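Protein chains: 2
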Amino acid sequence: MLHNYEELVDAAQKISKNQKRLIRVAVAGGHDQAALQALARAQELEIAQPILVGQQEQIEASLQTISANLSDKMTIEPVVHENEIAPRTMRLIRERQAETVMKGKIKTAILLKSVLDKVSGLRTGQLISDVVVVEHPKENRFLLISDGGVNIAPDLMQKVQIIENAVLVAHALGIAVPKVAVLSAIELVNPHLSSTTDAAIITQMNHRGQIANCLIDGPLAFDNAISIEAAQEKGIQSPVAGIADILICPNIESASIFAKSLTFLADLPLAHTCMGAKVPVLIPSRADNAHAKLLSLALSVVVSNYLNG
Amino acid sequence: MLHNYEELVDAAQKISKNQKRLIRVAVAGGHDQAALQALARAQELEIAQPILVGQQEQIEASLQTISANLSDKMTIEPVVHENEIAPRTMRLIRERQAETVMKGKIKTAILLKSVLDKVSGLRTGQLISDVVVVEHPKENRFLLISDGGVNIAPDLMQKVQIIENAVLVAHALGIAVPKVAVLSAIELVNPHLSSTTDAAIITQMNHRGQIANCLIDGPLAFDNAISIEAAQEKGIQSPVAGIADILICPNIESASIFAKSLTFLADLPLAHTCMGAKVPVLIPSRADNAHAKLLSLALSVVVSNYLNG
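Chains as they are written, first to last, in the numbering used here: chain A, 1 to 309; chain B, 1 to 309.
Hints are supplied without guarantee of correctness; some may be wrong.
No copy labels: a pair is met if it fits in one copy or bridges any two.
Stated by the list, open to error - Taking lysine-lysine and the DSBU-like style, the derived pairs with C-alpha atoms no more than 30 Å apart in a straight line are:
no.	residue 1	residue 2
1	Lys-138	Lys-113
2	Lys-234	Lys-113
3	Lys-20	Lys-179
4	Lys-105	Lys-234
5	Lys-107	Lys-20
6	Lys-278	Lys-179
7	Lys-234	Lys-138
8	Lys-17	Lys-118
9	Lys-118	Lys-278
10	Lys-107	Lys-234
11	Lys-14	Lys-138
12	Lys-179	Lys-113
For the record, the hints were derived by calculation from the structure and aren't laboratory data. As the structure is a computational prediction, the values presented were derived from the model and not from experiment.
Work out the full structure, taking the sequences as your base and the hints as a guide.
Okay, here's the thing in structure tokens:
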């Protein structure tokens, strides 16, 4: 089981070492300078090998911003027109020339449209959702948070898929039976607050085996999801309360505000990747610095290896 | 202007000193041991004087849990039946025998029902909402967060009142023109995400003078509300972005998860009080420890003094 970012980066390095070649990242819009910084570092650490998809001249110009020694080793997958970038990136995955996708300089909507294309995309039938992995600031373990990136106001069955995607990431990190807290503002069911009723339904679906390979409990307020003392004070009997691995937020705002506050108020970098397609799709936020992007690359490598394993 | 909890406690002490008597807190259900711990400390620091409303025997039994020296100085307002506690607490305020209300051992719903009673309550016509005041972990100033306590899914006009209540608290803290960020997951208007459209409307209402004595901007994502660099990277021109004093969350879950994560992951105690009634109504959460309750008492004193001033 991986407990922290150091172990995550180690694990990504080991995967590449065992396979005797680096995991290949197809970068849609390879001339993105912020992405190149993180990719150069990932290559240097032998975590991943970038394949830069885009217009040759633009990419070559951007490559001059990083050390020549590293840029020499990067592969360019040239396209003539900008609108070929996303489809070509998909083709690299389908033809097994790359194992994971990273968004470079391309609009998220355009990249996701290609990912979801029924003929040429990477659809699995599963919802696409973003999963954040952050070091617990007080314990040597990870917390997973979803979905602050893709789904605006997920309904019941979309929440189930958001959970399934997060559970896959937890499994990839070696958490055999992740504990999933379905969060609301309170731990009691309130018929006027759909985040509490959805959480109760989802918990019972888990009890009936309709959501497998994890332990789910909800509704839980943040304090009783994360603190054993807080859960005990409220008299909550639960295998999840106080020790949750995965925190499922009821809507995109609560996940986004929560995760970003960890970065901007508590200085915790976030690793994250989109799940639900055939391979992890890394869509960095502008809020992610180079270190956070590197951690997201390591996460994608570990998840990609788990999905293929 | 008050910048941190130390200054807040100092200010509460000075208010009591200037008035030559302590601000009186009517405690509904005065036999609550957790509340008594904080009240004893508030009395010791000369921040506030408790008036314990409840059944005499129960209160006397609870008072034995705190130091005799302090408990001697506490006033008991005895009632015969439990259901008299909330109405009697309201009467103490109406008859100017107390300046602020604190919830002790009584159900929140019962206390709020008395507060909102049209004849005997403390109604002002304004919505009741909870305002959190927390020290910015990286700057010497306060951040205000609302509403994680009372309103489940506020509509547009309820959000306006939530802002007005938070602005009053900011004024009480000496922030003359508070900067208000209306948060969503993104900073662009998305017609499918009502938190962004509400935020845009509220911003324009502020421009038209319909919400006064503050500067409002939204929608803002958390990062561009709190970080000047993040706001600049997105090219946001705004007098609020990056330097917001007040963070208005779009729903109860996002405010609750955000505020509680600050306590449970970043060890930041939260002061908070409900606004919208004639006096501040302090409803401590079970997640608040004695120190947080003391800070909430100091906040209530400062706000009460401002409302009367």
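Against the structure, the hints:
1. Lys-138 with Lys-113: Cα proximity of Lys-138 and Lys-113: none, with 39 Å in one copy and 40 Å across.
2. Lys-234 with Lys-113: Between copies only: 23 Å across, 45 Å inside.
3. Lys-20 with Lys-179: Result: close neither inside a copy nor across copies, 34 Å intra and 55 Å inter.
4. Lys-105 with Lys-234: between (48 Å within a copy, 15 Å between copies)
5. Lys-107 with Lys-20: neither (33 Å within a copy, 64 Å between copies)
6. Lys-278 with Lys-179: within (24 Å within a copy, 44 Å between copies)
7. Lys-234 with Lys-138: within (22 Å within a copy, 32 Å between copies)
8. Lys-17 with Lys-118: neither (34 Å within a copy, 73 Å between copies)
9. Lys-118 with Lys-278: within (12 Å within a copy, 60 Å between copies)
10. Lys-107 with Lys-234: between (46 Å within a copy, 14 Å between copies)
11. Lys-14 with Lys-138: This pair counts as within: shortest intra-copy Cα distance 27 Å, inter-copy 37 Å.
12. Lys-179 with Lys-113: neither (32 Å within a copy, 38 Å between copies)
In terms of the numbered hints stated before, the structure departs from hints 1, 3, 5, 8, 12, listed from lowest to highest.
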